[in-house]
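S.K.: In case you want the letters, here they are:
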Amino acid sequence: MGTVQGYMYPNEMELQWSILIVLYPFITGLVAGAFILASLERVFNVHVVKPTYRLALLTALAFLLVAPLPLQLHLGHPERSFEMYLTPHTTSAMAMFGFVYLWYLMVVLVLEIWLDYRRDLVLAWKASRGIMRAFYVVLTLGSDNISPGALAVDDKFGRFITIIGIPSAFLLHGYVGFIFGSIKANPWWSTPLMPIVFLFSAIVSGIALVMLTYMGLSKLTRRTIDIPCVDTISRYLMYAFIVDFSLELVDLIHRIYEADESFKALDFMVHTRLYTSQIVLQMLVGTVLPIAMLATPQLVQMPAKWRLRIYAVAGCLTLVGIFAMRWNVVIGGQLFSKSFLGYTTYKLQFATREGLGASIALLLLPFAILAALVRLLPPWPDESWKNA
Amino acid sequence: MHRVPHAARAEAVGDAVTETGRREFLLQTGRLLILSGAASAAWDAVVAGEPSRSPNYAVSEHWWAMVIDVEKCIGCGSCVRACKAENNVPLEPYYFRTWVERYIVDPEDPEHPIVDSPNGAYDGFPERSVKRANIKTFFVPKLCNHCSHSPCTQVCPVGATFESPDGVVLIDKERCLGCRYCVQACPYGCRFIDPRTSTADKCTLCYHRLTKGLLPACVEVCPVGARQIGNLKDPNDPMHEYLRTHKVQVLKPQMATGAKNYYNGLDGSVR
Amino acid sequence: MSDRHDRAHLYRVAALFAVGLLLFFVARTFFIPKDFGVYGHYRAGALDDARARPIAYAGQAACVECHSDVGDLRKTSSHAHVSCETCHGPLAKHASGDDPAKPVRPDGRTTCTRCHLKSPSKPAAFPQIALHEHADEGPCIACHTPHAPKL
Numbered sequence: 000m001g002t003v004q005g006y007m008y009p010n011e012m013e014l015q016w017s018i019l020i021v022l023y024p025f026i027t028g029l030v031a032g033a034f035i036l037a038s039l040e041r042v043f044n045v046h047v048v049k050p051t052y053r054l055a056l057l058t059a060l061a062f063l064l065v066a067p068l069p070l071q072l073h074l075g076h077p078e079r080s081f082e083m084y085l086t087p088h089t090t091s092a093m094a095m096f097g098f099v100y101l102w103y104l105m106v107v108l109v110l111e112i113w114l115d116y117r118r119d120l121v122l123a124w125k126a127s128r129g130i131m132r133a134f135y136v137v138l139t140l141g142s143d144n145i146s147p148g149a150l151a152v153d154d155k156f157g158r159f160i161t162i163i164g165i166p167s168a169f170l171l172h173g174y175v176g177f178i179f180g181s182i183k184a185n186p187w188w189s190t191p192l193m194p195i196v197f198l199f200s201a202i203v204s205g206i207a208l209v210m211l212t213y214m215g216l217s218k219l220t221r222r223t224i225d226i227p228c229v230d231t232i233s234r235y236l237m238y239a240f241i242v243d244f245s246l247e248l249v250d251l252i253h254r255i256y257e258a259d260e261s262f263k264a265l266d267f268m269v270h271t272r273l274y275t276s277q278i279v280l281q282m283l284v285g286t287v288l289p290i291a292m293l294a295t296p297q298l299v300q301m302p303a304k305w306r307l308r309i310y311a312v313a314g315c316l317t318l319v320g321i322f323a324m325r326w327n328v329v330i331g332g333q334l335f336s337k338s339f340l341g342y343t344t345y346k347l348q349f350a351t352r353e354g355l356g357a358s359i360a361l362l363l364l365p366f367a368i369l370a371a372l373v374r375l376l377p378p379w380p381d382e383s384w385k386n387a
Numbered sequence: 000m001h002r003v004p005h006a007a008r009a010e011a012v013g014d015a016v017t018e019t020g021r022r023e024f025l026l027q028t029g030r031l032l033i034l035s036g037a038a039s040a041a042w043d044a045v046v047a048g049e050p051s052r053s054p055n056y057a058v059s060e061h062w063w064a065m066v067i068d069v070e071k072c073i074g075c076g077s078c079v080r081a082c083k084a085e086n087n088v089p090l091e092p093y094y095f096r097t098w099v100e101r102y103i104v105d106p107e108d109p110e111h112p113i114v115d116s117p118n119g120a121y122d123g124f125p126e127r128s129v130k131r132a133n134i135k136t137f138f139v140p141k142l143c144n145h146c147s148h149s150p151c152t153q154v155c156p157v158g159a160t161f162e163s164p165d166g167v168v169l170i171d172k173e174r175c176l177g178c179r180y181c182v183q184a185c186p187y188g189c190r191f192i193d194p195r196t197s198t199a200d201k202c203t204l205c206y207h208r209l210t211k212g213l214l215p216a217c218v219e220v221c222p223v224g225a226r227q228i229g230n231l232k233d234p235n236d237p238m239h240e241y242l243r244t245h246k247v248q249v250l251k252p253q254m255a256t257g258a259k260n261y262y263n264g265l266d267g268s269v270r
Numbered sequence: 000m001s002d003r004h005d006r007a008h009l010y011r012v013a014a015l016f017a018v019g020l021l022l023f024f025v026a027r028t029f030f031i032p033k034d035f036g037v038y039g040h041y042r043a044g045a046l047d048d049a050r051a052r053p054i055a056y057a058g059q060a061a062c063v064e065c066h067s068d069v070g071d072l073r074k075t076s077s078h079a080h081v082s083c084e085t086c087h088g089p090l091a092k093h094a095s096g097d098d099p100a101k102p103v104r105p106d107g108r109t110t111c112t113r114c115h116l117k118s119p120s121k122p123a124a125f126p127q128i129a130l131h132e133h134a135d136e137g138p139c140i141a142c143h144t145p146h147a148p149k150l
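Chains as they are written, first to last, in numbering that gives the first Met the number 0: chain A, 0 to 387; chain B, 0 to 270; chain C, 0 to 150.
What the hints contain is simulated information worked out from the structure, not anything from laboratory work. Each hint should be verified, as a subset may be incorrect.
[To be verified] A few chain A positions that, by computed beta-carbon distances, are all more than 12 Å from chain B: (1) Gly5; (2) Ile112; (3) Lys183; (4) Trp326; (5) Val373.
[Unchecked claim] Selected chain C positions facing chain A (Cβ under 8 Å, derived; list incomplete): (6) Asp2; (7) Arg3; (8) Asp5; (9) His8; (10) Val12; (11) Ala13; (12) Arg27; (13) Phe30; (14) Ile31; (15) Lys33; (16) His40; (17) His87; (18) Cys142.
These figures come from a predicted structure and were not determined experimentally. Here a beta-carbon is modelled for each residue, glycine too, at the ideal position from N, C-alpha and C.
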């Protein structure tokens, strides 16, 4: 589909992986990054970011619930996807998806959220009636022990879960990078740096998302934004971004220097078909500009109001940049022929199963889920359950 | 190289039948007079594709490989047409289990060949003149290389594609999810997703024919013998001698895929 | 060490996970095909599925069974090594008698020019003609018998 320039192997002219496969790493990246931000407080004792702790976990959960959907929409036979649980092929990175996903969802995220919210859930149980009461009974597994001893157990176990959650988050998103990085047939993808670059860009995107969600939600519910909290988050965002950018530059310099058989073809592709998304959106607008913006309050004194505005804009640009990075990896890897003699185009449609409409819906859905979660499990640190 | 298949066919009953009455005779009496009863039934089975009634095929006695002789290929596209007919490959828009490429190479600039494959060479190649007399130009048939260290089977998440014990990479149409990972992993571009079944598809070396002692369709119809198939486990197979006496190469050897399609006369400009 | 009562809720979680794991392993025995893993990480039945596909090309030997006159004619011709079905198309159904319809004769020009049209990409030793130098019009079979084409 689309115009072919030069020669492509006949079966290559159509792209195999669409925007849905761009969405999947973007979403799991947000999950991993949001979790890493939450772990900053829990494990590394950066207490100033505590106001965002619960929100980060809920955000991670909302996005994780949506994560399998783009994959299911993309599969030729989604009804057979359970085969990954039955007969996973241990040499395939993709086969670990089902297990890593379930592990992360149940053992890490749900368990950690449950442990942190358990006291509030028990209080909610005692304070409600009828169907809501039954709902909270189920959520607490029928245990109403919120004595200091029980809460201490929760805290200790929760800390332990967060500690194993960090490598789990690395695995959840790192394996996606490996899915691309291990394909020797595709020189745009095949690099040992791929899982690491994916991971750091995930951390960047997750931190930006939680920062924006916190600022946006606070504005919406008319709460004051904790300025030192957001200042610290944006600093960590900047650090992560600098590491991420450095890794991508290392990859770029390495390619240009070694100039192997694929280089000319890839270079041509980046300067033509991938120019807007790679050079403009990913590098300039999506990386250099936000880093510069985030660095400014570190170098120049400015009032909180202006800092918040900078963070908001930089955060949005970051998300655009990281999405562009996923796009450039997935789509870019399919725009050139493995014969290195030709190029094709990606025709993105709107109202098809793998089209832009579905993608937009899939990106909005986690926010809808988050809105529901925020109602059910309020993340605000100053507010414990009303009738406590 | 065997052109005549050691097929599961009946012993011909050596009747002397006159030319004129032959066709009517045959039509009236049917094949039962030419083919003995049991053999006729066997032939039925062969044509109908029922493996249980066809002769024994010992998987462990075979290790299939192909030789493609680039110096012989005339780009007629017979192989492409035969493969599509034999394996019910979609004609639209452009899916191919096998195709033929034409290379036009300036010998002083081998890194920039001009390559084309109009509709996979389904109708052969249109006439094309070359600029100068010292241009090098030739045809290269391409198909699945049935790699022994196949990267496509490595990445399948559910075991829906695999290397058979006799060296043929096959696809289990009932388990394939259509995730397209195998299509991405193949360095040779020989896999595609069949739009009618939403599962992966590719050359099977006509496994349904090999296991009945027939030749793959592309080998059968090649008019110049540019495609040959051999059983490397058979010490008497002429392919052993061919590989010993010819300078053969596989495509993209640096990928270490263990490809079993050996190309004779492969130019360095071939991608 | 915290007392057991304070850890009771964790035991409930553990029980939940244990039940889930058990259900998973039970489900596996039902849903994994019995012939999976016999030869490798795949369903052995897939080999049979691959073998059970219908045949479209009969092969030259099958044609010569009935059409031995043509077979004899071609044995010494320059087309001796060209399979019948290269020009005549897939004929397994015809050979087995399943298809009563008479096979369509290949056209006497494009069938020939596909192979024999002169092209610099074809091996020089292969017989090929430039149409404008040869015979511009009419079917090739007007002068060449396809089964023994050398004049």
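S.K.: So which of the earlier hints does this model not fit?
M.R.: Failing hints, ascending: 1, 3, 7, 11, 15, 17, 18.
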